[in-house]
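Starting from the known structure of chain B, arrange chain Y on it as the hints suggest.
2 protein chains.
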Amino acid sequence: MIIDKEKKETVKPERPGGFLDYLPGDFLAREKMINTISSVFRSFGYNPIETPRVEFLKTLSGEESDTGKNIFRILSSNDSEPLAMPFDHTVPFARLLAANPYNSKDRSGIRLPWRRMVVGPVFRGEKPQAGRYRQFYQFDADIAGTDSMMADAEIVALIFNTLSALGVKKFLIRINNRKILNGLAELVEIKTRDKVSKEDITKELMRILDKVDKIGLEGIVSELQKKPESDFDPAPFLSNEAVLKVRSYLDIQGSNTERLNKAKNVFSGIKIAEEGIVELEKIISFLAPLEVPAEFVSIDFSIARGLDYYTGPVMETILLDAKRFGSIFSGGRKIR
Amino acid sequence: MIIDKEKKETVKPERPGGFLDYLPGDFLAREKMINTISSVFRSFGYNPIETPRVEFLKTLSGEESDTGKNIFRILSSNDSEPLAMPFDHTVPFARLLAANPYNSKDRSGIRLPWRRMVVGPVFRGEKPQAGRYRQFYQFDADIAGTDSMMADAEIVALIFNTLSALGVKKFLIRINNRKILNGLAELVEIKTRDKVSKEDITKELMRILDKVDKIGLEGIVSELQKKPESDFDPAPFLSNEAVLKVRSYLDIQGSNTERLNKAKNVFSGIKIAEEGIVELEKIISFLAPLEVPAEFVSIDFSIARGLDYYTGPVMETILLDAKRFGSIFSGGRKIR
Numbered sequence: 001m002i003i004d005k006e007k008k009e010t011v012k013p014e015r016p017g018g019f020l021d022y023l024p025g026d027f028l029a030r031e032k033m034i035n036t037i038s039s040v041f042r043s044f045g046y047n048p049i050e051t052p053r054v055e056f057l058k059t060l061s062g063e064e065s066d067t068g069k070n071i072f073r074i075l076s077s078n079d080s081e082p083l084a085m086p087f088d089h090t091v092p093f094a095r096l097l098a099a100n101p102y103n104s105k106d107r108s109g110i111r112l113p114w115r116r117m118v119v120g121p122v123f124r125g126e127k128p129q130a131g132r133y134r135q136f137y138q139f140d141a142d143i144a145g146t147d148s149m150m151a152d153a154e155i156v157a158l159i160f161n162t163l164s165a166l167g168v169k170k171f172l173i174r175i176n177n178r179k180i181l182n183g184l185a186e187l188v189e190i191k192t193r194d195k196v197s198k199e200d201i202t203k204e205l206m207r208i209l210d211k212v213d214k215i216g217l218e219g220i221v222s223e224l225q226k227k228p229e230s231d232f233d234p235a236p237f238l239s240n241e242a243v244l245k246v247r248s249y250l251d252i253q254g255s256n257t258e259r260l261n262k263a264k265n266v267f268s269g270i271k272i273a274e275e276g277i278v279e280l281e282k283i284i285s286f287l288a289p290l291e292v293p294a295e296f297v298s299i300d301f302s303i304a305r306g307l308d309y310y311t312g313p314v315m316e317t318i319l320l321d322a323k324r325f326g327s328i329f330s331g332g333r334k335i336r
Numbered sequence: 001m002i003i004d005k006e007k008k009e010t011v012k013p014e015r016p017g018g019f020l021d022y023l024p025g026d027f028l029a030r031e032k033m034i035n036t037i038s039s040v041f042r043s044f045g046y047n048p049i050e051t052p053r054v055e056f057l058k059t060l061s062g063e064e065s066d067t068g069k070n071i072f073r074i075l076s077s078n079d080s081e082p083l084a085m086p087f088d089h090t091v092p093f094a095r096l097l098a099a100n101p102y103n104s105k106d107r108s109g110i111r112l113p114w115r116r117m118v119v120g121p122v123f124r125g126e127k128p129q130a131g132r133y134r135q136f137y138q139f140d141a142d143i144a145g146t147d148s149m150m151a152d153a154e155i156v157a158l159i160f161n162t163l164s165a166l167g168v169k170k171f172l173i174r175i176n177n178r179k180i181l182n183g184l185a186e187l188v189e190i191k192t193r194d195k196v197s198k199e200d201i202t203k204e205l206m207r208i209l210d211k212v213d214k215i216g217l218e219g220i221v222s223e224l225q226k227k228p229e230s231d232f233d234p235a236p237f238l239s240n241e242a243v244l245k246v247r248s249y250l251d252i253q254g255s256n257t258e259r260l261n262k263a264k265n266v267f268s269g270i271k272i273a274e275e276g277i278v279e280l281e282k283i284i285s286f287l288a289p290l291e292v293p294a295e296f297v298s299i300d301f302s303i304a305r306g307l308d309y310y311t312g313p314v315m316e317t318i319l320l321d322a323k324r325f326g327s328i329f330s331g332g333r334k335i336r
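Respectively, the protein sequence lines represent chains B and Y.
Last residue of the first sequence: 336 in the numbering used here, with the numbers rising by one and none dropped.
Last residue of the second sequence: 336 in the numbering used here, with the numbers rising by one and none dropped.
Read the hints as simulated data drawn from the structure, not as lab findings.
Among the hints, erroneous ones may be present.
Claimed, not checked - To give an idea of the interface, some chain Y residues facing chain B are shown, with a C-beta separation under 8 Å as derived from the structure: (1) 16; (2) 19; (3) 24; (4) 49; (5) 50; (6) 59; (7) 73; (8) 74; (9) 98; (10) 99; (11) 121; (12) 125; (13) 126; (14) 128; (15) 150; (16) 241.
Given the structure is predicted, the values throughout are model-derived calculations rather than measurements.
From the three backbone atoms N, C-alpha and C, an ideal C-beta is built for every residue, glycine too.
Bound-form chain B, shown alone (with noise of 0.2 Å):
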């Protein structure tokens, strides 16, 4: 097509807020970051999929209506059920491996386990708002169908190995595991209370911990101390002794041996807790073969990664001249 003259200018050529054009020099910059990650992510193994930009409303919402996910609907009356914009990667994916289960007679469908990464844009159907992208890419990097521990340390090596590719070269990997999160709620004795379940206050706790970067130790002492607002508030409303619990909890220190080992003695007897010690230690011990050095891996024990998500390891990266950013590279282990 050549356009000799300009388009007589009926309509303001406007963009919506949030989505960005790329001309050519952002283009090519961006897609030279996009082939180095793809090209460690497929050194490691994962296969290059994509899956399509709109989907059945149904599969990304699940069974909740929420609107909490902001996620773009789609005006269709061609179909028989509502059509949106995908907010993530991983929910298509789920929506492929279920539709693709592998079948040993023919060696059809997806053959576990399998490592996938896709690279492609998502959709936030929120409200316009500076500094925010309501269409953004994300790279993500999955195994599916494993329950070693090898799993999570991979995804550890995949993390430093693209972070070192793009020449990046301060920064921190922690890890921390659902089940010791789940074990100190065990340790301070969270109970259901009469309109809170258990695991809503469990919740809770593990969102003020996740702050600890942001409000400080007294900050988080202060919250978890603090009165139920109403009796559906799950405040873990914590007695000084249980305090003096979580305190020791994160004040563990020193190297990541000698955490997981102050670990064990805090949890003793505390089976879910001694689980995902276990787990962390797996993963530590499979680092050293997949020649990631130790100073970029960190145990840490406030980390929690999201709410509902995850039940076994979890991982974030920060970048420590500009931990402003927050978590860069981020995941864990979802068992359903």
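What follows is chain Y alone, placed relative to chain B:
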């Protein structure tokens, strides 16, 4: 992310009709093709860009609110204007151009002439049906802001080089000019009827000629003579004499130079057609320096390519061993 067990299946893992998953085999085959095409486009100096998957509906549909374009509209309470998904890359390109005029003071904006390429999905909100996709990739290469026929010749060279790089051997790039088709309308003396404009009848004439590959010369002749079914029917309703003129026009044979010379005779004194013939002569003369072998390019006075869009040279490309695919690489010049 590591998934140990399948998600407890509460939602069927269905994909909406007309959308595809690309599993690794398909993804890598497609990636190879995309990379080949992009490399050729870039070697011609086309800058890669990307526009978002979401635009204002008014940008995409223009003044008209026609649903003929099958636009996927997006439900959003957060925007002042309705949003929608682009059905091609051309309209967002026009929006981008209009929004970034060149400013000679600070040298910001887009300096014309500008070559841009884009590879990405477009969306058609049509009824799902076999063999049609509602999301598919389009590869665009465009030059904005030049009057030179060198640009059109370059697009022909681009088509030749791209298909050659993809390993396609038997193809034909057919070129025509809308100015010659408008000249034909003058030649057969198409005039405004009571309820239908000359322009609408001319468009209908072009639409019929474009079908010669499908319905043959006799089919075309019969359509051209058909009586209008209502006052609003733009049927050309040509006389026997006019049909003879169309036949002699479509019967023009020989080498490209011979065809152009014969057309000069046919259209002697019809200024618009003479202009179109000169434009085609220029394009043909530029092809040898661009190293496009003559046998891959054919002047074809039947092709029209779409209805309203183009105003100058138009082109399409057919696979000689698989004509059933229709045109696999087409375009034209738009002056607005």
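* **Status of the residue 24 of chain Y interface restraint (C-beta, 8 Å, chain B)** => It holds, given that the least Cβ distance between residue 24 of chain Y and chain B is near 4 Å, below 8 Å.
* Asked: Are residue 125 of chain Y and chain B close enough, Cβ to Cβ, to be under 8 Å, as the hint says?
  -> Holds. Min distance 6 Å.
* Asked: Quick one, is the residue 98 of chain Y hint okay against chain B at 8 Å, beta carbons?
  -> Result: holds, 4 Å to nearest chain B Cβ.
* So, residue 74 of chain Y near chain B? Judge it on the closest CB pair being under 8 Å. => For residue 74 of chain Y, the interface hint holds, since the closest Cβ of chain B sits about 5 Å away, which is under 8 Å.
* Regarding the hint that residue 126 of chain Y lies at the interface with chain B, is the smallest CB-CB distance below 8 Å? -> holds (7 Å)
* To do: Let me know if the C-beta of residue 59 of chain Y comes in closer than 8 Å to any C-beta of chain B, holds or violated.
  => holds (6 Å)
* Evaluation of the interface hint that places residue 128 of chain Y against chain B, nearest CB under 8 Å -> holds (6 Å)
* To do: Grab the minimum C-beta distance from residue 19 of chain Y to chain B and call the hint holds if it beats 8 Å, violated otherwise.
  => holds (4 Å)
* To do: Go through the hint on residue 150 of chain Y and say holds or violated, using the shortest Cβ distance to chain B against 8 Å.
  => Constraint on residue 150 of chain Y not satisfied, violated at 10 Å.
* To do: Hold the hint about residue 50 of chain Y up to the distance rule: shortest CB distance to chain B must be less than 8 Å.
  => Constraint on residue 50 of chain Y satisfied, holds at 4 Å.
* Holds or violated: is the Cβ of residue 121 of chain Y closer than 8 Å to a Cβ in chain B? -> Hint on residue 121 of chain Y: holds, closest Cβ of chain B at ~6 Å, below 8 Å.
* Asked: Does the interface hint hold: is residue 73 of chain Y within less than 8 Å of chain B, judged Cβ to Cβ?
  -> Hint on residue 73 of chain Y: holds, closest Cβ of chain B at ~4 Å, below 8 Å.
Going down the numbered hints, you'll see the structure goes against 15 and 16, while the others check out.
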